[in-house]
Amino acid sequence: MYENNDPSTLAYVGKSVLRKDTGEKLTGTATYVSDMVLPGMLYAQVKKSPHARARIVKVDTSKAKALAGVRAVLTGDDLDYRIGLYIVDKNILAKGEVRHYGEAVAAVAATSLEIARKAVDLINVEYEVMQPVLNHMDALKADAVLVHPDLGSYEFIEAAFTPVPKTNIANWTKLRKGDVEAGFNEAAYVVEREYDNPSVQHVPMETHVAIVRWGARDKVTIWSSAQSPFTVRNLFCHTFALPLGNVRVVVPAVGGGFGGKAGIHLEPLVACLSKQAGGLPVKLQASREEEFSLLPCRSALTYRIKTGVAQDGKIIAQKMEMFWDAGAYADYAVNVTRASGYSASGPYEIPNAWVDAYTVYTNKPYGTAYRGFGHVEFHWGIERHMELVARTIGMDPLEFRRRNALHPGSITLTGEKITSHTGDVVACMEAVARSIGYGKLTAAEKKRELASGRKIGKGIALLQKAPAMPSNTATAAVIKMNSDGSVTVNIGLTEIGQGSTTALAQIVAERLGFDIANVHVMVDKDTESDPYDWQTVASKGLIMSGNACILACEDLLRKGYAVASHVLKACVEDLAHDGENVYVRHDTENCIPWKSIAIGYAYPDGKGIGGPLIGVGSYIAQGLSNLDKQTGQGKPALDWTFGAHGIICEVDPVTGEYVVRKVASAFDVGKVVNPALLRGQIVGGMIQGLGTATCEGYIYDDAGHLLNPSFTDNKIPTARDLPMEIETIVVENSQIDGPYGARGVAEHPMISVAPALGNAIQSAVDADLAHMPIRFEDVWRAMHDNHPIDNWITKTPAGSCRSDPAARIHTPDSAISP
Amino acid sequence: MRINVTVNGIAYERDVAENRTLLRFLREDLGLTGTKEGCGAGECGACTVFFNGKTVNSCMVLAVEANEGTIETIEGESSGGMLSTLQEAFDRHHAVQCGFCTAGMIMSARELIHHTPHPTVDQIQEGLEGNFCRCTGYEQIIEAVLDVTGGYTAKEELLHV
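Protein sequences appear in the order of chains A and B.
Final position of the first sequence in the numbering used here is 818; the numbers increase by one with none missing.
Final position of the second sequence in the numbering used here is 1161; the numbers increase by one with none missing.
Be a bit skeptical, because a hint or two may be false.
As the list claims (entries may be wrong) - Which chain A residues stay away from chain B? Per the calculated CB distances, all over 10 Å, these:
#: 1; residue: E24
#: 2; residue: D35
#: 3; residue: M137
#: 4; residue: K141
#: 5; residue: R193
#: 6; residue: E321
#: 7; residue: R403
#: 8; residue: I411
#: 9; residue: N518
#: 10; residue: Y601
#: 11; residue: Y603
What the hints assert, rightly or not - Computed footprint of chain B on chain A, listed as stretches where at least three residues anywhere in the stretch have a Cβ under 8 Å from a Cβ of chain B:
#: 12; stretch: 13-22
#: 13; stretch: 250-256
#: 14; stretch: 661-675
#: 15; stretch: 683-692
#: 16; stretch: 710-716
#: 17; stretch: 719-725
#: 18; stretch: 728-739
Stated by the list, open to error - Looking from chain B toward chain A, a few residues come up when the C-beta cut is under 7 Å (computed):
#: 19; residue: E1072
#: 20; residue: E1075
#: 21; residue: C1135
#: 22; residue: V1161
Hints listed in this document are in silico derivations from the structure and should not be mistaken for laboratory results.
Don't be surprised by glycine CBs; every beta carbon is placed ideally from N, CA and C.
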């Protein structure tokens, strides 16, 4: 799709075109599922488990059923459907046993929310509480309680996953490249350590919500705040054994997703309630607390890395062991494990590599996709580890990275050869290093250190990610010309805030040569009227839907030219067009307006020709393959996007409190489609990454109760938490098969923010951090005993990880007296 | 209880349950769904509206408290299909992504500008601290507010290397 276009010839690609969806969003008129009310609609509520693991002895719903206004009551015994993306391991409502705090045990639908809440309170569940397995490392022990004793009998996708029956291992991904033991024997240094991070919550501002109407003859309509309408339809139909044509999924405006709305969630339960209530539509919206525990989170990770390095600082061998905490159900966590497994080294060339990546069941809320799909979590480990290795062998961390980073000709972990079109991670690194003045303090910074008593540190971390998707992932675009010569674009990709609607309009306007005001990309999605798209995930939207749009434009033009060639009595080869007309190249006044052929041309005598102009473009990932299950070798990556963050921070050497002064972020995006949209993605992702880096995380007590399912106790960054300075940098090495050379960059800004911060803190006060998030007390402890604590499962609530708010206030240089 | 309340200049008389929040009254009884619920606990600011000239989290106010009061919501921000200067600035600066926090953010920004016509970046950060946005990272929102208050200096979106 890439054409070597001179940027000066492009009208829209590369320009900060304004968003197409703001008229509605700015005036409060955009419709989200949260806002929808249907005639006769019922309201659902869920009875949730207060225990992490318990046998369900008895569920008494008699009082709830007797309450006036209650139209449906369901328990696990009423339903015999299982769901699961890759391993079909989850009941719609718990049957026999609850496996995590917050799990749905029963549900009701009633004529009002108040009645539904009251009905849920009237349901009495008798439990026999059992000892849960909470820590994923404990869950691997031989005598560990089994979260799923029947794992061996579950249906799963065999081409990609390997559950280990009679254990808590939901998936074991292996990768073997070269001879890792020989590599260690050859190495001058071997450095080994373990890194970890807890589960976190996505926090879309709109919580999960679905309305379902199970109509007559099993015709089901689902309105959902979902990222992937076609995946909702596919999994729904699989669960209920319905033909795809029976089920329609509609997705209007979505209030954020970040991966948490990628799969299927509330829809099956709400559908069962609607069916029970005689087909009335039922709405269920998660409360913020339910968003933390009824709905999934991001998995915790423990990552062990052992690296063998030659005297010259070149990595010879690396053994990587990942232990992913799936929680109670496999959901996306098994695929996070797989995708992280084949990318586990970060953007470095490792000649001899060994990866074992395990997904481990525990009795906690379950993990799913979250922006970065594992890469935020394991880059914490790998980029802290690269820092550790460099320091251990006495080499500057930047130089160490330079020597080992992927470059054209390098072979990745899975055997893929990097080319000059893959992107340039070193260019990203050098750019952020320059931006933060890496490796030394300026005179002003030294003065500031002296005056404030705080230490200034600078750190860098690199990153990489490719879309984690099936090798045959596909999408399509349909472009319909309206009778005024404008076009309407239908794609299955959802608009969850990322701006695809606008970026794709730019690509269509560019390729058609039309005024962008005449290009309308539909925001609302409907599986009955939009062409198929796999999912809105993985940073694959721009590249794949962009290519489909270009192909659809070409199809539309071809069809338009065919009609125009008759009308103008000219060969197709002699035709050209602009935004208004199709004309003959050598006789430009011999032309026909697009609007005259848009829905068919009528000759002066009334005879018609043509018909509505509709362009269709289908695009499928090309050249990818499944990975060998024993060696992990193959080609999983549609495109690699590389990047780097550089951070300047200021740390109190006594208390460990710190302030982030500057973040510089650079990505090789191939080609910038919209600078303002891209900056929004970079800064938004970077701040989300700072949340993960500094304060976010689930805290449990030792019985598995989640202690902080609220914004009071689980802080996310506010406007007050911005670094004093933010710089966004782009490198543009064109993606050969990307639209106008572009590649995806939606998830990447969030990756590696945490290790860049950790590395900066280490350079300031020599605190050697292995645990993320980096709370002030972690820095203090690391400075004092170099032994990070793990209090994410605790007998007493650790509370918020932020301390003195005054420490976060940005004090300008001028306010510090020398 | 019967209440009289003026919302965006229109007088309403309605019966409401004593435990009905102002948020649900606006969204469900009046159909003004531009105001959003993000947490229901007064933490996220998505439900911010003006109540007698001051911003409140409408999930923390009872509808009956608004009796004889004046409410302004996002639906009253634009007029006759024309966006306000603040809305135009949000558009110009790409200060909107998913849009779910936008209504509350506009309300808080308007109150800030009312009290502090020429705010510094720190003052804007403080003024918007109670409004969570998970998409934008706030920077373009802050620039939009600076733009309408005269403190914005244009700069390149990205540094190309």
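Comparing the hints with the structure gives:
1. E24: violated (8 Å)
2. D35: The claim is violated: A/D35 sits with its nearest Cβ about 4 Å from chain B, within 10 Å.
3. M137: holds (31 Å)
4. K141: Check passes; 37 Å lies beyond 10 Å.
5. R193: Holds, since 31 Å exceeds 10 Å.
6. E321: holds (32 Å)
7. R403: holds (21 Å)
8. I411: Fine: 27 Å to the nearest Cβ keeps A/I411 off the interface.
9. N518: holds (19 Å)
10. Y601: Non-interface label on A/Y601 holds, nearest chain B Cβ at 35 Å vs cutoff 10 Å.
11. Y603: holds (40 Å)
12. 13-22: holds (count 5)
13. 250-256: holds (count 4)
14. 661-675: holds (count 3)
15. 683-692: Held - the stretch 683-692 of chain A has 6 residues with a Cβ nearer than 8 Å to chain B, which meets the minimum of three.
16. 710-716: n = 4 at 8 Å, threshold three: holds.
17. 719-725: As far as the stretch 719-725 of chain A goes, the hint holds, because 3 residues have Cβ atoms under 8 Å from chain B.
18. 728-739: holds (count 5)
19. E1072: The hint is violated - B/E1072 has no Cβ within 7 Å of chain A, the shortest such distance being about 12 Å.
20. E1075: Nearest chain A Cβ about 5 Å off; hint holds.
21. C1135: Interface hint status for B/C1135: holds (5 Å vs cutoff 7 Å).
22. V1161: Check passed: Cβ of B/V1161 comes within 5 Å of chain A, closer than 7 Å.
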